[in-house]
Amino acid sequence: MSILYLVVQQTMFFSIPLLIVALGGVFTERSGVTNIALDGMMIMGAFTSIFFINQMQSTMSGQLLLLIAILIAVVTGVVFSLLHAYASVNMKSDQIISGTALNLFAPAFAIYVARMIQENGVQQITFSNTFRISSVPVLGDIPILGGLLFKNAYITTYIGLLILVISVIVLYKTRFGLRLRACGEHPHAADSVGINVYRMRYAGVMISGGLAGLGGLVFVIPTSTQFNATVSGYGFLALAVMIFGQWKPMRVLFAAFFFGLMKTIASAYSVIPFLSTAQIPSDVYKMIPFIATLIVLAFSSKSSQAPRAVAVPYDKGSR
Amino acid sequence: MILLKKLLNIRGFNNATSSIVAIFAGLLFGFIILLISNPSQAVDGFIIILKGGFSTGGKGMGQVMYFATPLILTGLSVGFAFKTGLFNIGASGQFIMGAFAAVYIGVKWTFIPAPFHWMVALLAATIVGGLWALIPGLLKAYLNVHEVISTIMMNYIGMYLANFLVKSTVYDSKKALSMNVAESAVLPKGGLDKIFYNPIGSSGAVDLSTVNSGFYIALVVAVIMFIVLNKTTFGYELKACGFNQNASKYAGINEKRSIVLSMVIAGALAGLGGGLLYLSGASGRHIKAVDVLAAEGFNGIPVALLGLSNPIGIIFSAIFISYITLGGNYLQTLNFVPEIIDVIIACVIYFSAFALLFRNILPRLLKWRMDAAEIKNERGNE
Numbered sequence: 036m037s038i039l040y041l042v043v044q045q046t047m048f049f050s051i052p053l054l055i056v057a058l059g060g061v062f063t064e065r066s067g068v069t070n071i072a073l074d075g076m077m078i079m080g081a082f083t084s085i086f087f088i089n090q091m092q093s094t095m096s097g098q099l100l101l102l103i104a105i106l107i108a109v110v111t112g113v114v115f116s117l118l119h120a121y122a123s124v125n126m127k128s129d130q131i132i133s134g135t136a137l138n139l140f141a142p143a144f145a146i147y148v149a150r151m152i153q154e155n156g157v158q159q160i161t162f163s164n165t166f167r168i169s170s171v172p173v174l175g176d177i178p179i180l181g182g183l184l185f186k187n188a189y190i191t192t193y194i195g196l197l198i199l200v201i202s203v204i205v206l207y208k209t210r211f212g213l214r215l216r217a218c219g220e221h222p223h224a225a226d227s228v229g230i231n232v233y234r235m236r237y238a239g240v241m242i243s244g245g246l247a248g249l250g251g252l253v254f255v256i257p258t259s260t261q262f263n264a265t266v267s268g269y270g271f272l273a274l275a276v277m278i279f280g281q282w283k284p285m286r287v288l289f290a291a292f293f294f295g296l297m298k299t300i301a302s303a304y305s306v307i308p309f310l311s312t313a314q315i316p317s318d319v320y321k322m323i324p325f326i327a328t329l330i331v332l333a334f335s336s337k338s339s340q341a342p343r344a345v346a347v348p349y350d351k352g353s354r
Numbered sequence: 075m076i077l078l079k080k081l082l083n084i085r086g087f088n089n090a091t092s093s094i095v096a097i098f099a100g101l102l103f104g105f106i107i108l109l110i111s112n113p114s115q116a117v118d119g120f121i122i123i124l125k126g127g128f129s130t131g132g133k134g135m136g137q138v139m140y141f142a143t144p145l146i147l148t149g150l151s152v153g154f155a156f157k158t159g160l161f162n163i164g165a166s167g168q169f170i171m172g173a174f175a176a177v178y179i180g181v182k183w184t185f186i187p188a189p190f191h192w193m194v195a196l197l198a199a200t201i202v203g204g205l206w207a208l209i210p211g212l213l214k215a216y217l218n219v220h221e222v223i224s225t226i227m228m229n230y231i232g233m234y235l236a237n238f239l240v241k242s243t244v245y246d247s248k249k250a251l252s253m254n255v256a257e258s259a260v261l262p263k264g265g266l267d268k269i270f271y272n273p274i275g276s277s278g279a280v281d282l283s284t285v286n287s288g289f290y291i292a293l294v295v296a297v298i299m300f301i302v303l304n305k306t307t308f309g310y311e312l313k314a315c316g317f318n319q320n321a322s323k324y325a326g327i328n329e330k331r332s333i334v335l336s337m338v339i340a341g342a343l344a345g346l347g348g349g350l351l352y353l354s355g356a357s358g359r360h361i362k363a364v365d366v367l368a369a370e371g372f373n374g375i376p377v378a379l380l381g382l383s384n385p386i387g388i389i390f391s392a393i394f395i396s397y398i399t400l401g402g403n404y405l406q407t408l409n410f411v412p413e414i415i416d417v418i419i420a421c422v423i424y425f426s427a428f429a430l431l432f433r434n435i436l437p438r439l440l441k442w443r444m445d446a447a448e449i450k451n452e453r454g455n456e
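These protein sequence lines map, in sequence, to chains C and E.
Letter by letter, the first sequence follows residues 36 to 354 in the working numbering.
Letter by letter, the second sequence follows residues 75 to 456 in the working numbering.
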C-alpha cells in the first residue's frame, strides 16, 4: 500500500508541471502562435525563482517563500516570452526558429549567470526544500484518499489544478477565450469583427510564458534540491502532452497524468518490487517516457485538431 | 552608387547580408553581456572570441576545421531538410547514433583489412543515422506526426540508447569515455598534419592538430548535396514537396516517399557527421555517455540558418561557428564562462529568424532611398 501512495505522489510531482506547461501551450497555440520554446521558458522561470530561494532561504522559509518564488517564476516566464511574441507577431518570423533560439539561449544563459554570480563559481544552484506539506489539515486525515492526495504534497499541486479550472473557464466561458480561439482558427475573420489579432496573440504567448516559467519551478522543487540549468526536456514533453490532449484542457489533464505515470516508472523503478528485480539498466528506463510519447503521438495525430492558423504569422494585408 | 545598386539586385548578396547582420547583432549582444558581467576585462574577452581559433596558431586553425567537420554535416542535415520543407531538430540523435555505430565498428570489427576499416565504419554511421531519421519520416508521411516533436523525442531516445550501448559495449570505465578505435579505423590525415601543427621547442617535435581527411569528406559531401538539390530531378521533386505537397502530388510526385527520403537523407548526413568526428584517434573526441544532447546536432540549426540552407554557404557558416566556439573555450583564461558563446549563437539564430525582414525590407529601403536621390540629382541637372 505504501508503494501505491509513493507512486501516486510521485506521479503528481511529474504530472503537475506537465499539466501547467501544456496548458500554457494550449493558450499560445489557440491564439495561433506555436511555442516550442516552452522548455527554455521553464528553464528561465526555474532559474530566477530557484536563485531567489537560494538567496532568501536564510531569512525566510516555507510556503511564503515558495509563493513569492512562484510569482517570480511567472514574471520571468512572461518577460522571456515577450521575445518570442515580438519575433512571431511583430516580425512575422518563423516561429520554430525563434523558439529554437530561445531554447538554446535559456540553458546557456542560466549556466553563464549562475557561474558568474555565485561565489563558488558552479553552475548548480542549491536550495533546501522547506516546502513539503507532510499532511494537509483535515483533508489529510481522510482514509486512503487523504494518503493519496493530501500527504507529502506541495502547494504547487493544488495551484496546478486551480490553473486547470481557471483555464477551462477562461477558454470556454469568457469573451477573451472566445476571441483567443478565433485568432488561432481564422485571424482574418477575427480581425474583420474588430478583434486586435496582434494583441490576442501577444496575450496567448505571454500566458504560455508565465505558465511555463511556473512549470519550471514546480518541476524542480519536488524532484531535486538543486537546479542545474535543465528541466530534462520537460517543455518538449509538455508539447506532446498538449497534442495528445488535442488542445483541450480536460484532455490535457489526462494526458499529463499518463506521462507523469510513465516518468514515475522511469525514475522510481528501483522501489517498485517487480521492476527492481528485473535488472534493466537505468538508461533504458529513461527512454520510456519519450518512447511512450512517440507511440501515443503516432496514434493520436492522424485526426489532429490543431488550431488552423497555428504557426502562420498573421499579416493584415494577405488574403 | 551604381555598384551598390547592382549588388542589391543580386540575391546571393542580399542573403549573405542578412546572415552577416544577424552575426553582428549576436556578437554585439555577447559583448554587452561581457560588459555587464566584468567591465574591466570585457574588451580583452571579446578580442579572444574574435580571434577564435587563431589564438593558438596552426594547431588552433586545424582544430577549427576538425570541429567544423561535424558541423558541416549536421548543418547540411538541417539545411537539406529545410529545403525540402521539413524541420529536422533531430540531428542530435541521428548524430550520436551514427557516432556510436562508427565507434563500435572501429573498436570491434578489427577483422576488416586496413584501408577499408574506416570506410565501413563511416558507411555504418551514415546508415544508422539514416535509419534513426526513418522513424520520424514514416511517422510524418503516414501518421501525420509533426516532425519537430518526433525528432525531439528521437533525440532523447537516441541519447539514452547510445549511452546504454556505449556503456555496455565499447566503454573505457577508467577514463569514463568510449574506447579508442583501432588504428585502421582512424581517418587518414590526408596531408593536413603537414600544415596544422604547433612546433614544440626546436627539436622538431610537433603538437599536432586532430584535423584529418574527414574535412575533405565534409567538403565533398557539401558539393554533392549542392548538385543533388540544384541540378537533379530528384532534388527538384524533394524541393517541390517542401513548397506545396498537394501541388506536387497533383504533378505526379509521390509526396509520401519524398518526405521519408528527405528525412532519411538528412539523418544519414547527421550520422556521417558523428562518424567523422569520433573516428579520429586517441587525441580526438570520445563519446562521454552522459545525459547531455549532442551539441553538434543543435548547432547544425544555426549553421543551416546562417548558410541559408545553401550547401556551400553551410561550409562557411560551420567554420564560423566552430571558430567562435573555440574562442569561447580560450575565454576561460579570463575567468569568463564559455557558455557565452552559446548565448551569442542563440542570439544569432534569433536575429536570423528576422532574416526575412532584412532580406526583403532592408534592400527595398536602400533602393528606394537611392532612387529618390537619383531623381533629385536628375532634377538638379535640369
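Where hints are given, some of them may not hold.
Unchecked claim - Facing chain C, from chain E, some residues (calculated, C-beta under 8 Å): (1) V222; (2) Y324; (3) V417; (4) I419.
To be verified - Derived coverage of chain E by chain C (criterion: at least 3 residues anywhere in the stretch with Cβ under 8 Å from a Cβ of chain C; other residues may be distant): (5) 210–220; (6) 223–231; (7) 235–245.
Claimed, not checked - Okay, derived cross-link-like pairs now, PhoX-like style, lysine-lysine, Cα gap no bigger than 25 Å in a straight line: (8) E:K249 x E:K182; (9) C:K127 x E:K313; (10) E:K263 x E:K133; (11) C:K337 x E:K450; (12) E:K248 x E:K268; (13) E:K330 x C:K337; (14) E:K323 x E:K305; (15) E:K362 x E:K241; (16) E:K248 x E:K133.
It is worth saying that the hints were derived from the structure and are not from the lab.
Even for Gly, the Cβ is constructed at its ideal location relative to N, Cα and C.
Exercise for review: Hint by hint, work out which the structure violates, then give me just those numbers in ascending order.
Suggested key: 2, 11, 12 and 16
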